[in-house]
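Visitor: Position chains C and Z relative to chain A; hints supplied.
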Amino acid sequence: MRSFLGKDIISLKEFGREDFYRVFEVCDRLAPFAYERRNSDLLKHKTLVTAFYQPSTRTRLSSEAAMIRLGGAVTGFSDAKMTRAGDFYQESIRDTFGMLEFYGDAIVMRHFEQGAPAEAARWSSVPILNAGDGWGEHPMQGISDLYTVLKHKGTLDGLHFILDGDLRMRTMHSMSYAVTEFDITVSYVHPPDMGLPDEVKQYIDERNLNYRFVEHIEEAIADADMIYMEPVVQPDYTKARDERSGDVGRTPDNYKVTRELMRKAKSDCMVFHSLPRMDELETAVDKTRHAWYWSEAYYAVVTKMALMALVLGAME
Amino acid sequence: MRSFLGKDIISLKEFGREDFYRVFEVCDRLAPFAYERRNSDLLKHKTLVTAFYQPSTRTRLSSEAAMIRLGGAVTGFSDAKMTRAGDFYQESIRDTFGMLEFYGDAIVMRHFEQGAPAEAARWSSVPILNAGDGWGEHPMQGISDLYTVLKHKGTLDGLHFILDGDLRMRTMHSMSYAVTEFDITVSYVHPPDMGLPDEVKQYIDERNLNYRFVEHIEEAIADADMIYMEPVVQPDYTKARDERSGDVGRTPDNYKVTRELMRKAKSDCMVFHSLPRMDELETAVDKTRHAWYWSEAYYAVVTKMALMALVLGAME
Amino acid sequence: MRSFLGKDIISLKEFGREDFYRVFEVCDRLAPFAYERRNSDLLKHKTLVTAFYQPSTRTRLSSEAAMIRLGGAVTGFSDAKMTRAGDFYQESIRDTFGMLEFYGDAIVMRHFEQGAPAEAARWSSVPILNAGDGWGEHPMQGISDLYTVLKHKGTLDGLHFILDGDLRMRTMHSMSYAVTEFDITVSYVHPPDMGLPDEVKQYIDERNLNYRFVEHIEEAIADADMIYMEPVVQPDYTKARDERSGDVGRTPDNYKVTRELMRKAKSDCMVFHSLPRMDELETAVDKTRHAWYWSEAYYAVVTKMALMALVLGAME
Numbered sequence: 023m024r025s026f027l028g029k030d031i032i033s034l035k036e037f038g039r040e041d042f043y044r045v046f047e048v049c050d051r052l053a054p055f056a057y058e059r060r061n062s063d064l065l066k067h068k069t070l071v072t073a074f075y076q077p078s079t080r081t082r083l084s085s086e087a088a089m090i091r092l093g094g095a096v097t098g099f100s101d102a103k104m105t106r107a108g109d110f111y112q113e114s115i116r117d118t119f120g121m122l123e124f125y126g127d128a129i130v131m132r133h134f135e136q137g138a139p140a141e142a143a144r145w146s147s148v149p150i151l152n153a154g155d156g157w158g159e160h161p162m163q164g165i166s167d168l169y170t171v172l173k174h175k176g177t178l179d180g181l182h183f184i185l186d187g188d189l190r191m192r193t194m195h196s197m198s199y200a201v202t203e204f205d206i207t208v209s210y211v212h213p214p215d216m217g218l219p220d221e222v223k224q225y226i227d228e229r230n231l232n233y234r235f236v237e238h239i240e241e242a243i244a245d246a247d248m249i250y251m252e253p254v255v256q257p258d259y260t261k262a263r264d265e266r267s268g269d270v271g272r273t274p275d276n277y278k279v280t281r282e283l284m285r286k287a288k289s290d291c292m293v294f295h296s297l298p299r300m301d302e303l304e305t306a307v308d309k310t311r312h313a314w315y316w317s318e319a320y321y322a323v324v325t326k327m328a329l330m331a332l333v334l335g336a337m338e
Numbered sequence: 023m024r025s026f027l028g029k030d031i032i033s034l035k036e037f038g039r040e041d042f043y044r045v046f047e048v049c050d051r052l053a054p055f056a057y058e059r060r061n062s063d064l065l066k067h068k069t070l071v072t073a074f075y076q077p078s079t080r081t082r083l084s085s086e087a088a089m090i091r092l093g094g095a096v097t098g099f100s101d102a103k104m105t106r107a108g109d110f111y112q113e114s115i116r117d118t119f120g121m122l123e124f125y126g127d128a129i130v131m132r133h134f135e136q137g138a139p140a141e142a143a144r145w146s147s148v149p150i151l152n153a154g155d156g157w158g159e160h161p162m163q164g165i166s167d168l169y170t171v172l173k174h175k176g177t178l179d180g181l182h183f184i185l186d187g188d189l190r191m192r193t194m195h196s197m198s199y200a201v202t203e204f205d206i207t208v209s210y211v212h213p214p215d216m217g218l219p220d221e222v223k224q225y226i227d228e229r230n231l232n233y234r235f236v237e238h239i240e241e242a243i244a245d246a247d248m249i250y251m252e253p254v255v256q257p258d259y260t261k262a263r264d265e266r267s268g269d270v271g272r273t274p275d276n277y278k279v280t281r282e283l284m285r286k287a288k289s290d291c292m293v294f295h296s297l298p299r300m301d302e303l304e305t306a307v308d309k310t311r312h313a314w315y316w317s318e319a320y321y322a323v324v325t326k327m328a329l330m331a332l333v334l335g336a337m338e
Numbered sequence: 023m024r025s026f027l028g029k030d031i032i033s034l035k036e037f038g039r040e041d042f043y044r045v046f047e048v049c050d051r052l053a054p055f056a057y058e059r060r061n062s063d064l065l066k067h068k069t070l071v072t073a074f075y076q077p078s079t080r081t082r083l084s085s086e087a088a089m090i091r092l093g094g095a096v097t098g099f100s101d102a103k104m105t106r107a108g109d110f111y112q113e114s115i116r117d118t119f120g121m122l123e124f125y126g127d128a129i130v131m132r133h134f135e136q137g138a139p140a141e142a143a144r145w146s147s148v149p150i151l152n153a154g155d156g157w158g159e160h161p162m163q164g165i166s167d168l169y170t171v172l173k174h175k176g177t178l179d180g181l182h183f184i185l186d187g188d189l190r191m192r193t194m195h196s197m198s199y200a201v202t203e204f205d206i207t208v209s210y211v212h213p214p215d216m217g218l219p220d221e222v223k224q225y226i227d228e229r230n231l232n233y234r235f236v237e238h239i240e241e242a243i244a245d246a247d248m249i250y251m252e253p254v255v256q257p258d259y260t261k262a263r264d265e266r267s268g269d270v271g272r273t274p275d276n277y278k279v280t281r282e283l284m285r286k287a288k289s290d291c292m293v294f295h296s297l298p299r300m301d302e303l304e305t306a307v308d309k310t311r312h313a314w315y316w317s318e319a320y321y322a323v324v325t326k327m328a329l330m331a332l333v334l335g336a337m338e
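Residue numbers (the working numbering), protein chains in the order written: chain A, 23 to 338; chain C, 23 to 338; chain Z, 23 to 338.
Looking at chain A on its own, in the form it has when it is part of the complex (with noise of 0.2 Å):
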């Protein structure tokens, strides 16, 4: 990948270590604008998509402020539901696609199963961003929780990570294939039925990636840089919302991530959640050094403005 003009972003199994260095440098450069609070007008004469087949709140909003912040306009759904593309047999992806092109310069797409975004840019011919497809990828969170690592440690080689919960969630995929781009090492923790799809094992194998599985978060903990979590539990949907309390708890000690726990870590152990959380992630590491959970908002918005900006061949 030389340039990432008019490019699709799909999988992080496309990304070599220059391309990540290459969307660092022009998250560096457009900081500043996030930073300061300020929005710049390099996109002003584009306008972004954003089909959410599912609701979200951090990523849709992320990738709305992210074109903001560039100048750019905004429009779209935000759940299948709202739009008549939900509907009827959930029409196809090439007639919806095939639409909205015309509507914006580039689209973010979340959508409930694997493969769509990819089928999406098969019929669009502007630049489709994956925001997340069901069991697949989250390639921008990815990219963004790298960058954080980045800017924090300054390197990412030479790092320990753990992965920590449910391995079957997509951004435990996208990050998987990203670090086998970087002398990084991986402990992966979680659930029995919760591991790590086939199709990841094996891209992580081919390529020699330092891993282990442990059982137990103690085990790895010691000399961890960073910690990437997703729940383990889910609601209780059949519960009336207050009745739900007893729920929380039910994470089994293995792949919870509390107070106690950060005190064997390192002290500038980062911790990453996705959010929102369960029990999994105790609200008193809130107050500790280890949270990172809520500057990742403010990279994604950095780490999206510059993939825009690269796509849409603003920065070339």
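In short, the hints are calculated from the structure, not lab data.
All values derive from a computational prediction rather than experimental measurement.
Among the hints, erroneous ones may be present.
The list treats identical chains as interchangeable, and a pair is accepted whether it falls inside one copy or across any two copies.
In silico SDA-like pairs for lysine to any residue, Cα to Cα no more than 25 Å straight-line [stated by the list, open to error]: (1) K278 x E237; (2) K66 x M337; (3) K66 x P54; (4) K66 x G93; (5) K175 x D290; (6) K66 x A53; (7) K309 x T207; (8) K278 x D117; (9) K175 x E304; (10) K309 x S62; (11) K223 x R60; (12) K278 x E113; (13) K66 x R51; (14) K66 x L27; (15) K223 x D50; (16) K173 x R39; (17) K173 x S147; (18) K286 x D179; (19) K66 x D50; (20) K278 x W316; (21) K309 x S114; (22) K66 x G335; (23) K66 x Y320; (24) K66 x F55; (25) K29 x F55; (26) K29 x W316; (27) K29 x E58; (28) K173 x F204.
Guide: Okay, now just chains C and Z, sitting in the frame of chain A:
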């Protein structure tokens, strides 16, 4: 209709031949912004309000995209359930539009009841653009589709249109009203219980439109210049989504457009469909020169740019 | 409150007389943009986030319209169901606003729980503007309505307000707090189970507000300068929409504003209603000089423009 400044766009009954050509001329002037994917500054001081009482992807997004291409801003609602305007005993149109007029400078409105935009126009001091009202009309779609035909054929006069499917649908009414202003011949083909409403039939009779009804689309296909389609079957919502496959194939051959049928058509016969589709329009047609239904999305943006520029006085 | 820069707008308890006049002065300066329907460039580098946990037409759209008139951009969500912020066990305000603050430069927030905006303000580094919090307050509405009265009467001192209807509603609280800063007399009239909360009553008692309770609005109508209304009945949602007609007519005469009642009022008595209405406000009043409830929508835009310009430092 001499000037469009401040005018409502409610029904194509109000459009004379010269009005259509005035809009088409402005379309030609504004099309480069859409084609070159570059938002202009023409309406940078203006705000569009989208008041959609029914979900819509194509019409809402093309309206927003058009305003954005003109440099304007957009606010509004995309579903009545999302607002208190659809709450209570359905708040009166007067109470709602006596408010909405202060939030922007033109209002694009879709409503589930025929006549609602006309009622809104009584109470709003800013232009109301009808984006579909129940079983009423869909005037902007009609203008857009005529413009598409004009650009491809070079003329609207001397053409033969087939209006195929559920003729109770609003697109069929607006198109029927519009063609009376041109030297256009129409073949209507529809299932027994989906005929033209009396109001429409009387209108075209009074204007001496050259039309006929046929039983099977094959009867009219040979010299047709354009086929205008609406589905004749609806999804069976009593079935779960993945059990609905039996629904497909229910459209009688009389109303179906297939690749085989199109072999009998003229080589430049254009197929229009407002989408989404059921099985009345075979996907095999997508790969032929007859498939104009995705281009409709592009022309919808251009036409709405022209209409907004006109009613907001940017092109006077 | 000397400067509004960076301040939250949570409660009118925090507004002194000088603060109100400071806002009114900025309203006067910005009103031409709203009146002349022309978006300015004043906040062209700024982004507003709308965080609406409850549907709203008037308040959300007037907030967006105000930001747009100032040249700013808007992102956000219009219903908690549309976001993951309302999902799970209701994600904590801290987790949500620790994120939202990065997506824009000020946040307009409506929430179903009293106190939520104050909680959000603890965690957000950007100003929070309360757009209604459960049974709490609706401060921007209160400021807007006082500004409307000021523009029409030329003064706020020496006036007599009737606060009529369900006094548990948030608009009633904000207005009650506000009037204590002026030489305003209040007549409250309310159904037995819809009285002023203790907190509000104590506040106006401590400030020695000149007020009384009346049983019937007729007792106070003769010298009233303004009537401030909230519905006292709610739709019977157990009935189908078209069976609810029996609901109309349920508001007791004590709280109803009719054309007949207004004949007993001063000729410049202003009727305010936040709409939508049930049957407590007769539509026959719409055609009288007393009907100010649509104008409220205009003044709401102007007031929100002033507040945003102030908290974002564009008018310092």
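Visitor: Against the structure, test the hints numbered earlier, and report the numbers of the ones violated in rising order.
Guide: As far as the earlier hints go, 7, 10, 11 and 15 are violated by this structure, in ascending order.
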